Amino acid sequence: MKMLKLIVSFSVLASLFFVTGCDQFENFSVNVPFTVSFADSTNSTHTFDSKTYDLANNSMYQEYSEKIEDFEFLEASFFVTGTVPDTLTGTMEFTVKQNDQTGTILFYQRFTDVEVYNGKSDIFVLTADQIEVFNNYLKAMHMSSGSTVFYGESVVSDLEDNGEKKKVEVDLHLLLKAKGKL
Amino acid sequence: MKKHLVPIIITILSVFQTLSAGVDDVLSFISKENAEGYLRPLATSLGLGLNSGLYHTASVSEKFSFGISLRASVMLIPDDHKRFNPSTPDGYVSGTTSTIFGGEPGYSYGSGGYVSYPGGFDVDHLPLAFPQITLGYKGFELTSKFIPKQELGKDKSEFYFYSFALKHELSRYFKLLPVHAAVQIGTGKIKFSEQLEFNNMVFNGIVSKKFGVATLYGGLGYQLTTVDVNYTTTGDPDNADPSLHEAKDISLNIRGDNGAGVTFGSMIKLAYFVFNFDYTYNSQSVLSTGLSIEF
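So the protein lines, in turn, are chains A and B. Be aware that the first sequence starts at 1, since it is given in our numbering, and climbs by one per residue. Be aware that the second sequence starts at 183, since it is given in our numbering, and climbs by one per residue.
No lab work stands behind these hints: they were computed from the structure. Predicted model, so just to flag it, every value in this text is computed and none were measured. We treat Cβ as the ideally placed atom computed from N, Cα and C, and that holds for glycine. Heads up, a few of these hints could be off.
Here are a few chain A residues that face chain B, going by a calculated C-beta distance under 10 Å [said to hold, decoys possible]:
(1) GLN62
(2) TYR64
(3) SER77
(4) THR81
(5) SER121
Mimicking DSS-like on lysine-lysine, the simulated pairs with C-alpha atoms at most 27 Å apart in a straight line are [claimed, not checked]:
(6) B:LYS264 <-> A:LYS67
(7) B:LYS373 <-> B:LYS338
(8) B:LYS214 <-> A:LYS181
(9) B:LYS373 <-> A:LYS181
Chain A is nowhere near these chain B residues, computed Cβ spacing over 12 Å in every case [unchecked claim]:
(10) ASP262
(11) HIS350
(12) ILE367
(13) LEU402
Just chain A, same shape as in the assembly (with noise of 0.2 Å):
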């Protein structure tokens, strides 16, 4: 009777070392990155384009939406693609926006005095204030009637007046962080 209530204990033991195990391989964390891309040709001193970019049309962000319990923002970038002539001079401006134009801003970010070329890229350092309204944003995205919607704009500024055609053409790189249970 005693070696029986020690297989139990044994068996329940071993049961636990189980459930502890099958906990492990629920909690998944996965990065969602995605690129907006903008193009602008001028002959004066700056050029502008605006786009709009839908997080559920992100086929990672798909893939994982409804198991998604936590979201935040990783990282960010540009990179040029494309310049005419092949080095400009200038200043950059990034805004990122909820929703559309008139949106409430994510982020906006200014280089001053930049070497625009095709390759030159750079990181953006948010403040910790718009990494929070950010995060908030991508949180609500989850709560009923959440948008997904991100709205951008990309300014290149103080170019030279010289009545030539300048172009630009520059991707915004975002990276989030997506956690939650499979």
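Dock chain B against the given chain A, drawing on the hints supplied.
Only chain B this time, still in chain A's reference frame:
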């Protein structure tokens, strides 16, 4: 015993279902080049788990013997099994990123944007337990553990596993040996899901020495575990990794890191009841214990 085995088996299936669902979900966005590094530690763990608890003595009865036991093992995952060096697209450079046992997902940055690698499940140890049956006669002992074919989860994924090992006591031919010695060969398979199937072989050399009701035992073993991986990537034309732009059927074979290892253990036998505990040194350390009824 059956009353206690059924809930154990149900719990085992739940673990594998959760593990299977977790793995299946992350494979959709892994390139073929990175699937191997990501999954290899899992192949190692499951191979080590399947090969654990196959013996607790080198001695085999001359008369017919039968035993039924419950075996539990835990594989301890070292830090170097939680990271691997991913393959990156041209123009990208990356540090290490997480394996299936690692933590945060990694990423690298280049002209095409952010290339993301899957995160792991933050696993420090992987526990497994199995019921096991042994049959012995005239120096030969067959050990078997298995779960028959099951359909798990909403998509009814097929799951089963089996493991058979045949041990032969060599010391029965050398009566003057101060210890018992045996050799053992085993094979097994885990059909994990529609995407993963593990195949396994093991060769063990075993020695043991009895001290009253206690026995000390040890073994040198060599394991070969491979996993056949078949999955389909989700085509993502916007992905910064060109190899993930189109949906692709991926097939590869991954070999685990569980090669040679050494085991030390002890067992206590009181009447028909046997309790044992052992430690295996391999690329992942394994702690194993078992409770048996042997006739």
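So, going through the hints one by one against the coordinates:
1. GLN62: 9 Å, holds
2. TYR64: 8 Å, holds
3. SER77: Holds, because the Cβ-Cβ distance from SER77 of chain A to chain B comes to roughly 6 Å (cut-off 10 Å).
4. THR81: With a minimum Cβ separation of about 7 Å from chain B (threshold 10 Å), the hint on THR81 of chain A holds.
5. SER121: 8 Å, holds
6. B:LYS264 <-> A:LYS67: The hint holds at about 24 Å.
7. B:LYS373 <-> B:LYS338: With a Cα-Cα distance of about 13 Å, the restraint between LYS373 of chain B and LYS338 of chain B holds, given a limit of 27 Å.
8. B:LYS214 <-> A:LYS181: The given pair, whose Cα atoms are some 25 Å apart, holds under the 27 Å limit.
9. B:LYS373 <-> A:LYS181: With Cα atoms ~24 Å apart, LYS373 of chain B and LYS181 of chain A stay inside 27 Å; holds.
10. ASP262: Given that every Cβ of chain A is farther than 12 Å from that of ASP262 of chain B, nearest at about 19 Å, it holds.
11. HIS350: At roughly 29 Å from the nearest Cβ of chain A, HIS350 of chain B sits farther out than 12 Å, so the non-interface label holds.
12. ILE367: About 27 Å separates ILE367 of chain B from the closest Cβ of chain A, which puts it past 12 Å; holds.
13. LEU402: LEU402 of chain B clear of chain A: closest Cβ-Cβ about 27 Å, beyond 12 Å.
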